[in-house]
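Visitor: Residue numbers (full-length UniProt numbering): 1 to 57.
Don't read these hints as lab results, they were simulated from the structure.
In this text the structure is predicted, and so the values were computed from the model without any measurement.
A virtual CB, placed ideally from N, CA and C, is assigned to each residue, including glycine.
Some clues are possibly wrong.
Said to hold, decoys possible - Pair ranges (Cβ atoms, derived):
hint	residue 1	residue 2	range
1	Thr24	Phe50	38 to 48 Å
2	Leu55	Phe23	26 to 36 Å
3	Val44	Lys8	31 to 41 Å
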Amino acid sequence: MALDKVKKVVIWVVVAFIAYAIFTSPSRSADIVHSIWQILSDGVDSIGTFFDRILNR
1 MALDKVKKVV IWVVVAFIAY AIFTSPSRSA DIVHSIWQIL SDGVDSIGTF
51 FDRILNR
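Let the hints inform the model, and build the full structure from the sequences given.
Guide: Quick look at the structure:
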C-alpha cells in the first residue's frame, strides 16, 4: 500500500520536473528530444543492418 503512494509521488515529481524543464527552456528540451530520437533511429537501423548481414542480404 505504501509503495503505491511512493510510486504515485515519484511519477508526479517526474512529470512536474519535465513540465518545468519544457517551460523554462523549450529549445533545450527540443534538442534533447531530437537527440533521443536520433539515438533510437540509429539503434533500429543498426539492428536492421545486423539482421541483413546475418541473412546475407
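Visitor: If a hint holds in the structure, say so; if it doesn't, say that too.
Guide: Structure-based check of each hint:
| no. | hint | in the structure |
| --- | --- | --- |
| 1 | Thr24 with Phe50: 38 to 48 Å | 40 Å, holds |
| 2 | Leu55 with Phe23: 26 to 36 Å | 48 Å, violated |
| 3 | Val44 with Lys8: 31 to 41 Å | 33 Å, holds |
Hint violations for this structure: number 2 only, all remaining hints satisfied.
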